[in-house]
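Colleague: Sequence lines, in order, name chains A and B.
In terms of this note's numbering, the first sequence opens at residue 1 and continues consecutively.
In terms of this note's numbering, the second sequence opens at residue 323 and continues consecutively.
Think of the hints as simulated: they come from the structure by calculation, not from any bench.
Hints are not guaranteed to be accurate.
[Unchecked claim] Okay, derived cross-link-like pairs now, DSSO-like style, lysine-lysine, Cα gap no bigger than 27 Å in a straight line:
1) A:K222 <-> A:K233
2) A:K222 <-> B:K356
3) B:K356 <-> A:K233
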Amino acid sequence: MRPLNWLETQTEAVYAYILLAPAFALLGLVAFYPLLQTLRFSMLEDQTAAVDVFGGFIGLDNYIDVLTGNARVPRQFIDITTTSGFPYLELGAPLLRQALFVTLAFVIISVLFETLIGFGQALVLDQDFRGNRWVRVAVIIPWAVPIVIQAMIFFLVFNPNVGFLSDPMQSLGLFGANPLASTRDSFIIVTVADIWKTSAFMALLILAGLQSIDRSLYDVAKVSGATPWQRFKYITLPLVGPALIVAMLFRTMDAMRIYGLIDSSVGCSTVPSMTCLVIISLDQTRRWATASTVAFLTAIVISLFVFVYLIFLRDTGGESLA
Amino acid sequence: MSTDTEEHPDIAAQQQTTDEPEIDRGLLEGWVAKMISNPERAYRMAFYTFTIAFLLTTLFPFYWLLMLSLTPSGQFGRESIVLTPGGFDVSLLSEGDLTMGTNPGAFIDVFTTLPFHRYIFNSFLIATIGTVLVLLVASLAGYVFGRLQFRGKTPLLLTVLVVSFFPPAAFFVPLNRLFSQNFAVLEPIVSNGSLYNHPSAIIIPVSALYLPLAIFILMVFYSQIPDGLEDAARVEGTTRLGALFRVIVPLSAPGVATAGVLSFITIYNEYFFSSLMTSGRPEDWAPMLEGVLSFQGQYETLFNLMAASSIIAVLPIAILVIVAQEKIVSGLTQGAVKE
Chain A
1 MRPLNWLETQ
11 TEAVYAYILL
21 APAFALLGLV
31 AFYPLLQTLR
41 FSMLEDQTAA
51 VDVFGGFIGL
61 DNYIDVLTGN
71 ARVPRQFIDI
81 TTTSGFPYLE
91 LGAPLLRQAL
101 FVTLAFVIIS
111 VLFETLIGFG
121 QALVLDQDFR
131 GNRWVRVAVI
141 IPWAVPIVIQ
151 AMIFFLVFNP
161 NVGFLSDPMQ
171 SLGLFGANPL
181 ASTRDSFIIV
191 TVADIWKTSA
201 FMALLILAGL
211 QSIDRSLYDV
221 AKVSGATPWQ
231 RFKYITLPLV
241 GPALIVAMLF
251 RTMDAMRIYG
261 LIDSSVGCST
271 VPSMTCLVII
281 SLDQTRRWAT
291 ASTVAFLTAI
301 VISLFVFVYL
311 IFLRDTGGES
321 LA
Chain B
323 MSTDTEEHPD
333 IAAQQQTTDE
343 PEIDRGLLEG
353 WVAKMISNPE
363 RAYRMAFYTF
373 TIAFLLTTLF
383 PFYWLLMLSL
393 TPSGQFGRES
403 IVLTPGGFDV
413 SLLSEGDLTM
423 GTNPGAFIDV
433 FTTLPFHRYI
443 FNSFLIATIG
453 TVLVLLVASL
463 AGYVFGRLQF
473 RGKTPLLLTV
483 LVVSFFPPAA
493 FFVPLNRLFS
503 QNFAVLEPIV
513 SNGSLYNHPS
523 AIIIPVSALY
533 LPLAIFILMV
543 FYSQIPDGLE
553 DAARVEGTTR
563 LGALFRVIVP
573 LSAPGVATAG
583 VLSFITIYNE
593 YFFSSLMTSG
603 RPEDWAPMLE
613 GVLSFQGQYE
623 TLFNLMAASS
633 IIAVLPIAIL
643 VIVAQEKIVS
653 GLTQGAVKE
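All chains, please: the whole structure from these sequences, using the hints.
Modeller: So this is what it looks like as structure tokens:
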């Protein structure tokens, strides 16, 4: 009883801090301390042959190597050199083999399609019709599917031996003979798999925004003779805007850290996303400091995106964000 | 009679003038004309088309996976498995072959080829302990953020939010080093003193990463409980923590269930730490994903086993989604709207 009695006598602020202690201990151990350590490791030298993987302090040299495409890892983070003549830029490796660009391309394409499809699904789920509940379950199931199984489904569907989609895609001339080995085809497969899984998540967030719209606005518009398209354009779209941007922010951050889907379907060397590059550097070359550098740069890129979204959200008048 | 014959041409002429365009337009154009004259009908058509298309794209892959898993090993082919399993033949039923040329035995082979049940058990254990840990820690923090007033509340809440922004990769290198290190303190608990190949190497990072969402969900539910109820319990002589666990938490049971279901699903589905923090052997607490992947890695041509193991691993989650659909929807939307 003694510790509880002691707790009773404390002020509300002290009580609050005590109750928060476990949560912040856990976050400190798993997030804050490792983040600082990652920053420290990224400024140390790689030692691939010694017992300890880290050497002495070398400042920003790792960052310079990674950003100029000179890091000694199988795939580069960014590999562009400037030239004197047109087009002034030269690619050291194909664009989709550079971690930064393949991740950005993936994020932009997947988030764009997920927003469009998710919006469509949300408009459907917003209607009252028989079987609404079951359609909703069907839409959520892909969201709840484990990443490894999502990857397995698309690995099998596009597999040249058994997949029913590998032949049609080949005859359309979109895919080569072995789509799971080509960077471009694999990139498309990964993007389609991601859209299939997470459009539902977008749909749910947008649906929440749709359902908060006052229905009487639609009645007024109908009486005034607005067509369904006009009702969508002048009522739905502006009012659902903040919810839409929050949903896109969530999806963007999540798409930025893509790893599991790639690792278990087409392989990290084929489509080297930023997180993939961290793991490749660790596993294949034992360059822990370079891996830390890439990891920290990943965090910086994501922070930049979050920052841009927050500015957008402030401008559209989203009051839901603190 | 004569009046009849006089009227007929008139009516016939009238009908002809109205019918004539229909005949000229043909089937498709007539249909389009109807849509134009009655837009509501067109919108309804579009609505049903969309709905059916969504249902097909989300559910067909699972159906196809089932067909693939029922295909006997020798019958894999791109054309043979689309709507029916390869080797499927209804006429075999009359010969007394109940399986009709398919091979449901794949669902048993999954467990005899590899100890797949052990992988599933590991995943369930990790997800269950992780969920309990998340609920416990998030309950305390959610109570603080939802019901107490103190200095530094907003900055602390924002700090929690920021954690969910960072990629797990940014934490991985130091965590991997930390969990591979040998600590003498841990030797009584784990054989070699290192947490690598121990379930807690997955549970600790994964539950920390999904903690923020649970905190936000519980915060919303706890703040909705009227103050009077908590005060009454305190006047009756309950301790502060007693009031939290005997009044607030039971009254927010739907919120706790929502956070629990979401945590369980996300931890069960997690890939990053789950694949990197164990050696991948079932006796080293490797979760379900390693089991599914070893069918892909070791038995390259046993596509039916890959499909069967995927179906087995997805079943618990599918059942959970059907049962707890409302909770998942409310939890996901609430967490996001609040954040």
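Colleague: When you check the alpha-carbon spacing of K222 (chain A) and K356 (chain B), does it fall within 27 Å?
Modeller: holds (22 Å)
Colleague: Next pair to validate is K222 (chain A) with K233 (chain A); report whether the Cα-Cα distance is within 27 Å.
Modeller: Holds. K222 (chain A) to K233 (chain A) sits at ~13 Å (cutoff 27 Å).
Colleague: Would you check the hint for K356 (chain B) and K233 (chain A), treating anything up to 27 Å between C-alpha atoms as holding?
Modeller: Holds. K356 (chain B) to K233 (chain A) sits at ~25 Å (cutoff 27 Å).
Checked against the numbered hints given earlier, the structure satisfies every one of them.
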